[in-house]
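The task is simple: from the sequences and hints, build the whole structure.
Here are the chains, one letter per residue:
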Amino acid sequence: MEDFTPIASLIGGILIGLSASMMILLNGRIAGVSGILGGIADAHKSDVPWRMAFLAGLVLSPFAYMLFSQPFAAKLAVPDLQIIIAGLLVGIGSRYGSGCTSGHGVCGIARMSRRSIIATSVFMAAGIATVYITHHMG
Amino acid sequence: MFKKNLSALFAGLLFGIGLILSGMTNPAKVIGFLDIFGDWDPSLMFVMTGAIGVSFFAFRKASGLSLSLIKEQMQLPTARQIDLPLIIGAVLFGIGWGLVGLCPGPAIASIATGGFEVLLFVIAMLIGMAIYRLLKR
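One line per chain: the protein sequences are A and B, in this order. Counting with our numbering, you get residues 1 to 138 for the letters of the first sequence. Counting with our numbering, you get residues 1 to 137 for the letters of the second sequence.
Note that these hints are calculated values from the structure, not bench results. Mixed in with the good hints, there may be bad ones.
With a straight-line cut-off of 27 Å between C-alpha atoms, the simulated BS3-like cross-links for lysine-lysine are [said to hold, decoys possible]:
no.: 1; chain 1: A; residue 1: Lys45; chain 2: B; residue 2: Lys3
no.: 2; chain 1: B; residue 1: Lys136; chain 2: A; residue 2: Lys45
no.: 3; chain 1: B; residue 1: Lys71; chain 2: B; residue 2: Lys3
no.: 4; chain 1: B; residue 1: Lys71; chain 2: A; residue 2: Lys45
no.: 5; chain 1: B; residue 1: Lys71; chain 2: B; residue 2: Lys61
no.: 6; chain 1: B; residue 1: Lys3; chain 2: B; residue 2: Lys61
Not everything, but these chain B residues come out facing chain A in the computed CB check (under 8 Å) [as the list claims (entries may be wrong)]:
no.: 7; residue: Ser22
no.: 8; residue: Lys29
no.: 9; residue: Ile31
Beta carbons: idealized from backbone N, C-alpha and C, even for Gly.
Quick look at the structure:
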């Protein structure tokens with residue numbers, strides 16, 4: 001365990017929690033990224049701008065972060081084909097399962113939804129199994 | 001109308017800053033969290049603890065509101081049933097998440113900084129979402 005960062009991760013988590021709190025108390029919406037993004041195509045016209053605004057905030061967040069510190073640039077050290085398969089699975093799976101890490105893992109658990117607690121347990125188990133297979137087998 | 005877009009923009013910024021600070025936009029860190037049989041990095045448990053700990057109170061307050069604080073409809077999920085789509089979807093999502101260490105929020109928050117690979121992931125994810133939409137019909 002080389003990079004254990006409990007303080008930064010806890011503070012980052014609190015900011016995520018504040019964001020989710022803003023979304024539910026002000027907008028009356030769940031801050032679930034896959035739902036906000038994937039729902040655009042079928043959303044009522046009046047529901048498109050706030051979705052775009054939230055996503056724009058996410059895209060622009062590294063620039064806001066730069067005011068305080070150098071943001072970490074994600075580097076994916078896996079073959080392109082693996083990236084494509086992963087992206088497809090994340091896209092289909094998050095929509096079919098009605099949520100991802102934010103919608104189920106944060107908001108759903110915070111409102112003690114049984115569906116979200118089960119979904120989070122299942123996708124964590126699947127993620128753990130996948131990492132075990134790709135990193136410790138073969 | 002203007003208010004809800006502005007608050008969504010701020011919420012998105014805050015969410016993204018939280019993701020970056022917490023380590024969620026670092027795929028290696030996410031893999032380290034999922035690697036419980038290897039060199040396990042439990043940091044992301046602290047992300048969930050912080051995020052759930054704070055928003056728990058907001059959702060408790062929200063469940064008693066008929067309109068939001070800026071007079072928007074409250075739209076909390078109503079589904080209660082544990083069904084097959086929930087489970088299959090979560091399995092597929094988890095496999096994809098474990099394959100590269102990216103989920104939708106961190107992927108979008110990394111579009112500007114992550115280079116070609118992140119862009120490729122986001123495009124594949126959007127295609128995945130479009131495939132789901134076609135199959136649903």
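Do the hints match the structure? See the list:
Proximity of Lys45 (chain A) to Lys3 (chain B) is assessed by CA-CA distance (about 16 Å); at most 27 Å being required, the pair is judged to hold. Annotation: proposed proximity of Lys136 (chain B) to Lys45 (chain A) holds, straight-line Cα distance about 21 Å (limit 27 Å). Note on Lys71 (chain B) and Lys3 (chain B): the hinted pairing holds, with a Cα-Cα distance of about 10 Å set against a maximum of 27 Å. Restraint check: the Cα-Cα separation between Lys71 (chain B) and Lys45 (chain A) comes to about 18 Å, which is no more than 27 Å; the hinted pair holds.
Note on Lys71 (chain B) and Lys61 (chain B): the hinted pairing holds, with a Cα-Cα distance of about 15 Å set against a maximum of 27 Å. For the hint pairing Lys3 (chain B) with Lys61 (chain B), the CA-to-CA distance comes to about 20 Å; that is within 27 Å, so the pair holds. With its C-beta approaching chain A no nearer than about 3 Å, Ser22 (chain B) sits inside the 8 Å limit, and its interface hint holds. Given hint, Lys29 (chain B) at the interface with chain A, holds; its Cβ is 6 Å from that chain's nearest Cβ, closer than 8 Å.
Below 8 Å, beta-carbon pairs count as interface contacts, and Ile31 (chain B) has one with chain A at about 6 Å; its hint therefore holds.
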